[in-house]
Structures are given as structure tokens and as C-alpha cells.
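*Asks:* Following the hints, complete the assembly by docking chains B, C and D onto the known chain A.
From first to last, the protein sequence lines are chains A, B, C and D.
Numbers given in our numbering equal positions in the first sequence, counted from 1, plus 1.
Numbers given in our numbering equal positions in the second sequence, counted from 1, plus 1.
Numbers given in our numbering equal positions in the third sequence, counted from 1, plus 111.
Numbers given in our numbering equal positions in the fourth sequence, counted from 1, plus 111.
It is possible that part of the hints are untrue.
Said to hold, decoys possible - DSSO-like mimics (lysine-lysine), calculated; alpha carbons at most 27 Å apart, straight line: (1) C/Lys400 to A/Lys368; (2) B/Lys131 to B/Lys96; (3) A/Lys16 to A/Lys96; (4) D/Lys187 to B/Lys368; (5) A/Lys327 to A/Lys368; (6) A/Lys16 to B/Lys16; (7) D/Lys339 to D/Lys400; (8) A/Lys96 to A/Lys110; (9) A/Lys16 to A/Lys92; (10) C/Lys339 to C/Lys397; (11) A/Lys110 to B/Lys110; (12) D/Lys339 to D/Lys243; (13) C/Lys187 to A/Lys239; (14) B/Lys368 to D/Lys397; (15) C/Lys187 to A/Lys16; (16) A/Lys110 to A/Lys16; (17) A/Lys368 to C/Lys397; (18) B/Lys239 to D/Lys187; (19) B/Lys368 to D/Lys400; (20) A/Lys327 to A/Lys239; (21) D/Lys187 to B/Lys294; (22) C/Lys398 to A/Lys368; (23) A/Lys110 to C/Lys187; (24) A/Lys241 to C/Lys398; (25) A/Lys80 to A/Lys54; (26) D/Lys400 to B/Lys110; (27) B/Lys16 to D/Lys187; (28) D/Lys243 to B/Lys241; (29) A/Lys294 to C/Lys187.
To be clear, the hints were calculated from the coordinates, so they are not data collected in a lab.
What follows is each chain in one-letter form.
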Amino acid sequence: MLLMEYLARDLLAEKNIPIPRGRVVSPGETPDLSDVRFPAVVKAQVPTGGRGKAGGILPVMNAKEAKAVIQNILGMTIKGFPVERALVVEKINGKRELYLAILLDRGRKCPTVIFSASGGVEIEEIARTKPDSVIRAEIEPTVGVREYHTRYLLDRAGLEETCFFQFHEILENLYRVFWDRDCLLAEINPLMIDEEGNLIAVDAKINVDDSAMTIHHSDLLELRDSLERDERVLEARKNKFLFIPVAAEGRITIMSNGSGMLMASMDALQQRGLPARSVLDLGGGATADRIAKGIGILMEQPGVEGLFANIFGGITRCDEIAAGVKTAAESLRDGQFIVLRLEGTNKPQGREILQSVSRNNVVLVEKLSEAAGVFAERMGAV
Amino acid sequence: MLLMEYLARDLLAEKNIPIPRGRVVSPGETPDLSDVRFPAVVKAQVPTGGRGKAGGILPVMNAKEAKAVIQNILGMTIKGFPVERALVVEKINGKRELYLAILLDRGRKCPTVIFSASGGVEIEEIARTKPDSVIRAEIEPTVGVREYHTRYLLDRAGLEETCFFQFHEILENLYRVFWDRDCLLAEINPLMIDEEGNLIAVDAKINVDDSAMTIHHSDLLELRDSLERDERVLEARKNKFLFIPVAAEGRITIMSNGSGMLMASMDALQQRGLPARSVLDLGGGATADRIAKGIGILMEQPGVEGLFANIFGGITRCDEIAAGVKTAAESLRDGQFIVLRLEGTNKPQGREILQSVSRNNVVLVEKLSEAAGVFAERMGAV
Amino acid sequence: MSILVDENTRLIVQGITGREGQFHTEQMLAYGTNVVAGVTPGRGGQSVHGVPVYNTVREAAEQHHADATVLFVPAKYTFDGATEAIDAGLPLVITIAEHVPVLEMLQLYHLARSRGVRLIGPNSFGVISPGKSKAGFMAHHIFSPGNVAFLSRSATNCYETVLMCSQVGIGQSTAVGVGGDMIPGSTFADLLPLLQDDPQTEVIVLIGEIGGDEEERAADCIARYVTKPVVAMIAGRNAPPERTMGHAGAIVAADGTGSAANKEAALQAAGVHIAETTEHIVEILKKIKR
Amino acid sequence: MSILVDENTRLIVQGITGREGQFHTEQMLAYGTNVVAGVTPGRGGQSVHGVPVYNTVREAAEQHHADATVLFVPAKYTFDGATEAIDAGLPLVITIAEHVPVLEMLQLYHLARSRGVRLIGPNSFGVISPGKSKAGFMAHHIFSPGNVAFLSRSATNCYETVLMCSQVGIGQSTAVGVGGDMIPGSTFADLLPLLQDDPQTEVIVLIGEIGGDEEERAADCIARYVTKPVVAMIAGRNAPPERTMGHAGAIVAADGTGSAANKEAALQAAGVHIAETTEHIVEILKKIKR
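Isolated chain A (complex conformation):
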């Protein structure tokens, strides 16, 4: 889960990384700004980038001005996301903006520090045009962050004598955030050197591993669900499915029992000019009632006409799938249909169950290409 700035800040503060003083304000709340220093900045909290350009970040000189701007920002919608929280933070006057992140390096199988003496919003551009200015250092997970990492990063960036111990402490603590909170990414940008020469984490982006969250971080798990606005995502989650919205114009949906086959199915139908509205991954071992529930989540979306259920049972059993499809078929709207491809464990038992489906809205196919043909025919696609 990608945490919004105001939550990422909390995780940094939890490990004693200095952050600007600030307050989070929700709609309807009378903001108490007594401990906010001005001038300050009001920042819209939305789960997307580019909010500055969208007018979601505004400077304010005093509490009165802040209150007006907060009201304004809380009414905005940025890239489709209504602003549900505004963050008011003191403005940090910096001498220099650095970039510091710890990322899970999938290739090398270790956490890797990414650092640049030129931070800020242009970091990607800088990385592209001056790749040497971006410095990488791997962290051996059994050893963790040591002083030599800091020395190497500052040395290579030409900042050798710049706040060595402050920087080292922040790096150590950011690694603690990363490791203790099971992050895939813990990014501070900008890490500001302020006018007194102190380092402060002005903005942060943190991505927590969802699997670890489920097992180790129930606090974040509750938070995740409280922040989710898409009822379908929540409903799917409750059933341990993964629901992903894809193309708003899509008239079909896809369900499968594994991300690989889901992706292959999407690719095949996309080639026929049939983008998916949304897709649902059942994961492994779903039972009949949960499967019916999953189909419901997909088919209740207005404008959706067809479902491609592409199942190749391993740990998921075909009889459970068939029973789920049978139940779900009863509740389809007129004109809606399911193209079902059923293979794998307990296939004969599954097919037997399907023979008793009463309504004529389930089409059984043998393979992916055949399924694409059925959709093309029924929906007039390529």
C-alpha cells in the first residue's frame, strides 16, 4: 500500500526522523492551528502524484489565510480523487534539497539506498539527464546500515563534511522504517538542509508490502481499509480477492485464479479490442460461495456485459468454481453472460455441476482463443 504523505510522515516520526511541524485537517473539522508555525504550506492529501501542478499545494502566511485555503483544498478533486484531508505544515526555508530513498532491489535481493544531492520534484529528470548524480548503495540485510554507507553517499555526492552524523542517523532510522514496517519503498524527497544546516524530511512516500501488512501490521491494515473509497475493492478484500479497476470504458470483466493467467486473458481480449473494465484475482483455493461473491462484485458494475472466467485449477478446484458460477448465474442481469473456461483439478466434477445450470447465460469454452471468439461474436468486436 502506498501511504499518503500525512501517514508516511507518521512512520518517519515514529523512528525519530525530523519532519516539519504540522496538522492534518478533515472536512467539517475546525482546525486547531495553534502549534503550526507560519509561513506554512497547505497540501492536499491524495493517493496520486502531481498535486502541486493541480493546485493542491498552496503557501499561506497566517492561520486565517490557512483556514480559507484549507476549506478550498478540501473541496477539490485531484485526478478523480476527492481531497479528504489537508496537511498544514510549517514552510522550511532550505539551502539545499537532497533526495534519499531506500528501495527493495528485486534483482540484487537487498534493500538499496538511492541518493542524490539534487532532490526535489525534478529528481526523475535529473536522474535521466545526469545519471551520475544519482548514487546507489546496497545494504546487506544481515548487517544493516553502517557508517561506511553514509561516508560513501556523501563523499560521492561531494557533500563529504555536510552534517555527517545527522545524515547517518536519518539513514539508519529510515532503514528502521523500511525494515520494521516491511516497506518496498521509503522515500524522502526533498530531504532539506535548512538555513541552520539541519536536515529535515519535508515530504515522504512510503510503500508497505501488503502481505506483510496483513501478517505483521494490523494498525496499517485497518488504516488501509478505512481509506479505501472503492466499495468493490473493499468487498473483494473481505473475500481475500484482489480487485483491480482497469479501463473505465471497458464492457467486459475478467476473473481468474492467478495473476499470470489474468494478465494473459487481458492481453488476449485487448488484442480483440476488448479492454477490461476491471479484473479480479481469486488467488488460490477459493470456495464456491466466495467465487459467487467475486462474480457478483464484477457483474454489478453498471454497463458491464460479459465476464470471462478463466480458471485453471491447481489448488483451486473446478467443482468449487462450477458451483460458484452456477449460483452467480442466477443473479445476472438480462443480457449479461459468463464465458467460462474450466480446466485442472476436479474438472469432471465441475462439468457435471455445470450441466444443471438452468439459464442460458453461461458459455463453456475449452481454450483462451475460443473465449475471445465468443466475445468478439457477441459484442461485435474485432
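*Replies:* What follows is chains B, C and D alone, placed relative to chain A:
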């Protein structure tokens, strides 16, 4: 350093391992036994084993009796060690005595658990006669203690359902003692199952790595020095040397710059019937004044006649050695002599310095066998 | 031959008394797998489909000279179960569960390597050498013995392809579910040399996905060591782009690593046949076999 | 040939600006060692005896294509210095200091192995291949090129023997101070196969000590892999017995492991010539060479 029981207890308690309630009493102290439960046991605190057989462990029924026994025990000397502290602990009525230790396994290069369902003073005998009753389990240092260790140990010992979680917690905590305190050994014997079925660490033996203590555990370092009664050991330690008493009847001493050569020198002279009173390891890189100091520590012992200084300089330089020997030679008692074997880095510079030694009490030899000859001749040995 | 498992494999099933453990133990036994023991803490002494159950892996391994284990335990117990198996000295550890925390897998990855253990999974269907043995939950009736080896990040795409292959008479030497997670216990590049050295394997199929750089590393490995023909498909060209790794993600992916296009280009440069769909894989295999 | 270091070794000296670092850099340069760079944090840009100093090992290694490092840093900085060197990708890391905490060495031992790094020491004189290169503080004038390899837990006993050898014309291929600590970075058994494979080495001398089981493991390794003649001496027959490991110590040593007698018996059974003193080693070598 091997910690006496009362100190080992403290380290266990530091990590929440249950120990019997008790108090430590020093000579001259009026013992406050108000929080000791009776019946209790008074135990002499000496840095050696076998104190039970020596009469250093006595049961007491009440405070009055305890005070008399404490007085008595504090007057004892056990295997040459005057008893400087007595420990009064509540008597634990146990159903069963277990043995549990974590040891540094030099061969496998990991901490290893040693466990037996038959603990107590006879454990070594049991290990010899019924080796199968002693169970070993390695701990992967990057992972630490997990539940499967506990399951395996209890299962193999036939104690499968016995206080699983209590035992696991103690094992985890003992590992924390071992790891956090840089132990070579952390041993609980007996680990008692009391009448209520609870586990309690009745006696403990802990050995802390001296190198780690110097760097990481200044609290233990101070303690070590405060407990050492041998002035020579302390004096040597101050100079970063290792002083080891060997044979009380020895008339010679040996000094070298490395334990290997020290051992080889001891072996060679022992073969000639010349056991060493004590030996001193200079370690690497000693300077002239420290070397003179080291010689002083060895030669001031009454009855010591000769010193064999066997030096093969690598990081230790011969000129520093020579200068140190020269200074030390001035202070030798009449009849005392130094046999010096000098090889290695800066040997020519060293020999030059030695040419100006005024008194005739330094004999220069070229090799080990020659040195043994000199001693044999001067001291009438084999 | 074949790799990893065969008729001599002596397999332990961890979590054997659970719903999935019981069902798939039966399936594996039916397929002919030599399941020698099961492990479920607290269930020692019981038996499942005639297989004796132990409290600890070490005891099961010692009693039955086991040389492989498959974990039918939930994600939250995978780390413990895998470390127990590694510590017990089993040279092959296969983990099935999905949603294992990534940093736990990171630790297991390095631990397995330092102990010389082959770790497969998580989020894997397991390993099958058709006609000999299977350790996992794959629908075995679609497999048939032969000379094409499969390494797949996706279970379902692998089944899909294998089914079509078996239907046209193209059998398999071994199929390994390397798993779809960010940190697989064994990567394509770890397993390719085994297949190159396996006399039974004549052609290798890689079924990859977008994200990570396993396919790029596989391409590098193939260019250097693999002389057998390799066919690869990358799923996910039309998946919505991942936008959760911040600037750092963009920085490390600045060279294109992780995209389907980049992976296909790297593999193609290493002489690999690129398939666009699972059906296309089969067509290419037919041509190669002809 | 020779092992570990030779005329092509490109060496870094960590702690080069310290008292010992400076002195022994001079000594190593005088011996002909190719010292390409030094490292002392905060001293980057300086030079010592003409050797450029860097702030970090990685920079030094990258700038000079170094392939080995020797640490002249105190015990308390050994863990950091060694992890930095391992992380910088140097394949050979030699640590000199005595009194390195045992559990830190334990971690370094496993880390080095998992990264494929050869770690030598601590409490070691280093490595010398006479006439070619040395990385350490040994008194090099006593060494002479030849065909006898030395692996020694003790620096001083090794010098002693080498001196006598050189005096009678028995030269050395490589001498390695494996170090006298409880957990050496490389053990006898780790290094013996290198010597077996080294064409220059004709005879191998092991100088061991009481305690631990490195000699027992060496015996096992020799029995299996080493065909060249081996001479061994175990120092410490008359050392006072260690009484600090409690019952556990007695239990694990119940089979005799660790005593001089046990070690000698194990080595003898593996066909090793046992010497009682350093002088005896030389006598045996003379016989073998004759």
C-alpha cells in the same frame, strides 16, 4: 570472563528469566533478609566449581540460622579462593531438574543449544553414560531462536507438552543473554520445574567473551577488574597484556608476543623439567616501556629466577623489545637473569641496543633449543 | 533424468494435517510421489493417508532420510516452516503459499543460499517431473513425460501451455513453478544451468511476467551457458502500469528494466524464441521439434 | 603459482594513515607488494608513501581495480572495516587485529561465505607468497621462495619454523596466518584444497593449537582431498586446561575434541606427519625433501 553465580543471575534477570529470590551478602555487611523466603540456601560465591562438596552450600530454615551460616561461609576459603560473597536464595522444591545451555560452537560456527531432561550436578556423568539424553540444536545466527527449536528439544526429551511456552520464552531470553552480552556460554543448571509446574533458573554459569567485553560491555569490564584479586593480572591487564599463573612450584617465567609461541616455549621448557610459574603474552605491537613493565610483573614474583623472553617480531618490533629488556634488566634482583631470543622485524636495530646492556644478566640466544640449554645449565635441570 | 524431483525423491509434507495438505498428499501419493512423512506441530504420531506425522521436520527427516519438503502451510507460517526445513538440512524446500511477506522471503533467499539449499517458491505450484513424481498442487493429469522443461512465474499460464502441449504430444521433463512473488527462492537464472545439464531436457520454456529483472538475468545466463533452444513468453503487456514505487522506482527502471518490451528484447538478443501467447508457445515448440 | 596473493595482487590497506598502517605499508612496498590504495575515513586525498588515500573502500576499489585488502585497524573497527570491504566486492579480505569480538567474527564468517569472499584472520600475520607479494605484517626477511606452504594459527611459531627452513634452504610457496581466534575467517580445511591445487606447493605445514576442532576438520579434509605430504604441529600440550565452558564445555568435549592428543591422533590417521616442536617440523621437512 566466567561470571560467578550471583552475577550470572543478574544477567538472566535482566532478560526476564525467572530466578529464585535472594540476596548477596558481603563480609561486614549486616544482611537484610526481609525479602528472602525460607527455607533457603546459603551459597558461597567463588570462581570455581565443586563448592557443594567443599561445604560452601548449606540449607537454612530461617533468618537467624541464615545469618550464622553466612558468617561461617564468609570465613571459608574454597580451593584457594577466599569467599568474599555469600548468596542467600529461597529453596526451590522441584519436581524435576533440567539442563539448558547455549554454547558457542566453534566447529559449526554458530550458537548451539545443549539440553537434557536430566539436569543437576550429575549432568556430565549422564552425558557420558547416556549420550542420547543430551540433545543438541544449532541456532542460525541470522534467524535466532524459533518455536521449532523448542518443539524439537522438548519432543526429543520426551517432555513434549511440558510448559512449552514457558520453556520457549526462557530459551528465547537465554539466547538474548547469549547474543546481547557476547557470551561464549550461558548455562542454566538446574532449570527446575517447581511444584506448581513453573520453570525457574536455580543456578547459572555465564562466560562472556573478553574481547567483546572490552569493546561493548564496560559495565562488565569494571566488574571484572573489581573482582580480580591477583595484582599481577590487574597490572598486566592495565598494560593490555595477558598474565597467566601456571605452576606454583615454577622457578622460571616466560614472555612472548603471541600465544602460539608462548605455548611452544612452555612445552619446550617443561620437557626439560622446567615448568613455568607464570607466563605473559605481550600481544602485538608492544612498545619499550610497556615491555619493561611486563618483565617487571613477571620477575617481581618471589622465588622466580629466570625469564625466557621469546620474541619473534612481526607487528612487534625488535628494537622496542630490546629497549624494554634493557630497562628491565637494570631492576632485576641479584641472581635473576633473562634469556632473550630476538627475531623478526627490526632485528638489527634491536641487537644494537642490546650491545649497550651494562649488567651481565641478559643472555642472547638464537633459538628455542639453545634457550632451553641455557636454562638447564644455569638451573641444573634435565 | 529431469531436475529437482524424480522417482527417488523422499518427500516431506509440512502442514500435512490441514485441508490442503491432506487433499494434496492424497493427490501426490496417487501420482506416485514417495511421500515419506508429514509434519504438523502437536500432531506427531498421527497419520494422513498412511503417511506418518511428526512434530518437527528434523525428526521426520532423520527418521525417513527425506531429501525434499513441500510446505502446505499458510503464508504467516512460511518463514518458520522454511527455516525449520533449512535447519534440518533438507536440500530442497518448496513453498506453496501466496502472500508471504517480501522481507521474510528476502531473508529466506539468502539463508537458503548460504546453506546450499534449493528453495522453490513461494506462490508456486511446486515441481513436477511427469511420470515420476510431483511435489506441489499442480493438476497432474494435464502433464505427460517428455523433453520440454518449463520454468514459470505463473501457475495458470504454465498449466495452459502444458495442457496444449500434452494434447499435441509434446511431453515435459520437469515443470517448476518459480512463483510470482517479488523475491523468488530460485530464479530462472538459478535453474537454467540445471536444465542445460539435464540430458532429458531438449527445449526450455520460460513463462515470465512484467516487473523485476528475472527475465533480463535469465537472458544473460542463456547467452552465456545455455545451448538448448529456449522459448519465452512475458505476460502482462496490457496490465495497468505499477505506480507505487515513487521516484525511486522510476529511477531504477529508467533503463526500461521490468517492461515486457525490455524483457523480450533482452531474451531475443540471447537467441530466445519469443511467444506472444501461450498458444504461440506451442506453435513454436512444434516447429522446433519438427 | 602460490595462493591468495602474488605479484598481480592489487592491494588496499585499510587504516593506512595509522602508526601500524604507515609502517607496514612501507614494509609491504619495500617487499614489492602492489599496494594500490589506502583507506582512512576523513583522510581522502592524502597519500602515504606515495599511495593515494580514500575515504571509502568502494571508491578505492573502483578507482584502482583492487582485488584484496588488508585491515590495519583496531579490533573495535574490524567488523565495520571488513563489512565495508566485503560490500565493496573485494574477493580477499585480510584482518590483522587481535581481540575482535567472537560474535562479530561469527557474523563476518557467514557473511563472507555467502558473498563468496575469502576472509583471512583476525589475529593473523596476513599472507605472504615469498618473492612475490605480502599482505600483512610478517617479518619478510626470514621468508624465501620455495615449495612448502604454511598454514598457521600462531604467527610466532610460524616465523620460528620458516626462519629455520630458510636457513637450511627450504623455501615457501605461501604462508597464511589463519589466526589464533575462536572463529577464524578461513580455517585449515577451507585453505587446504587451494594448496592441493597449487602447482608450486609440494609439501604443506599446519601449525595448530589446542582448542576447537579446526585440526580435526583439517584431518578429515586431508584424508579426502589432499595427496601432498602434510606436516603438523599442535602447540599447547602443557598449557593449563581451559575450565571456563562449564558442563556444556565438558559435554561437547566428551569425545576428546580440542586436546592436543585428539588432534594429533586425527591428523596421524589421515597420514599427516606429526612434529612435536618447530625444530622437529624442519627435520621432517628435510626428510621429505630428500
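*Asks:* Each of the hints needs a verdict: does it hold here or not?
*Replies:* Hint by hint, here is what the structure shows:
1. C/Lys400 to A/Lys368: holds, 23 Å
2. B/Lys131 to B/Lys96: holds, 21 Å
3. A/Lys16 to A/Lys96: The given pair, whose Cα atoms are some 25 Å apart, holds under the 27 Å limit.
4. D/Lys187 to B/Lys368: violated, 35 Å
5. A/Lys327 to A/Lys368: holds, 20 Å
6. A/Lys16 to B/Lys16: holds, 24 Å
7. D/Lys339 to D/Lys400: holds, 12 Å
8. A/Lys96 to A/Lys110: It is violated: about 35 Å lies between the C-alpha atoms, which goes past 27 Å.
9. A/Lys16 to A/Lys92: With a Cα-Cα distance of about 22 Å, the restraint between lysine 16 of chain A and lysine 92 of chain A holds, given a limit of 27 Å.
10. C/Lys339 to C/Lys397: Distance ~15 Å between lysine 339 of chain C and lysine 397 of chain C Cα, so the pair holds.
11. A/Lys110 to B/Lys110: This hinted pair holds, its Cα atoms lying about 25 Å apart.
12. D/Lys339 to D/Lys243: holds, 23 Å
13. C/Lys187 to A/Lys239: Between lysine 187 of chain C and lysine 239 of chain A the Cα gap is close to 18 Å, so the pair holds against 27 Å.
14. B/Lys368 to D/Lys397: holds, 18 Å
15. C/Lys187 to A/Lys16: holds, 25 Å
16. A/Lys110 to A/Lys16: holds, 24 Å
17. A/Lys368 to C/Lys397: holds, 18 Å
18. B/Lys239 to D/Lys187: holds, 18 Å
19. B/Lys368 to D/Lys400: Holds, at roughly 23 Å.
20. A/Lys327 to A/Lys239: Holds, at roughly 22 Å.
21. D/Lys187 to B/Lys294: Roughly 25 Å separates the two Cα atoms, so the pair holds.
22. C/Lys398 to A/Lys368: holds, 21 Å
23. A/Lys110 to C/Lys187: Given that 27 Å is the threshold and the Cα spacing comes to 21 Å, the pair holds.
24. A/Lys241 to C/Lys398: violated, 42 Å
25. A/Lys80 to A/Lys54: The given pair, whose Cα atoms are some 11 Å apart, holds under the 27 Å limit.
26. D/Lys400 to B/Lys110: violated, 37 Å
27. B/Lys16 to D/Lys187: holds, 25 Å
28. D/Lys243 to B/Lys241: At roughly 35 Å apart (the allowed maximum being 27 Å), lysine 241 of chain B and lysine 243 of chain D break the hint.
29. A/Lys294 to C/Lys187: holds, 25 Å
In terms of the numbered hints stated before, the structure departs from hints 4, 8, 24, 26, 28, listed from lowest to highest.
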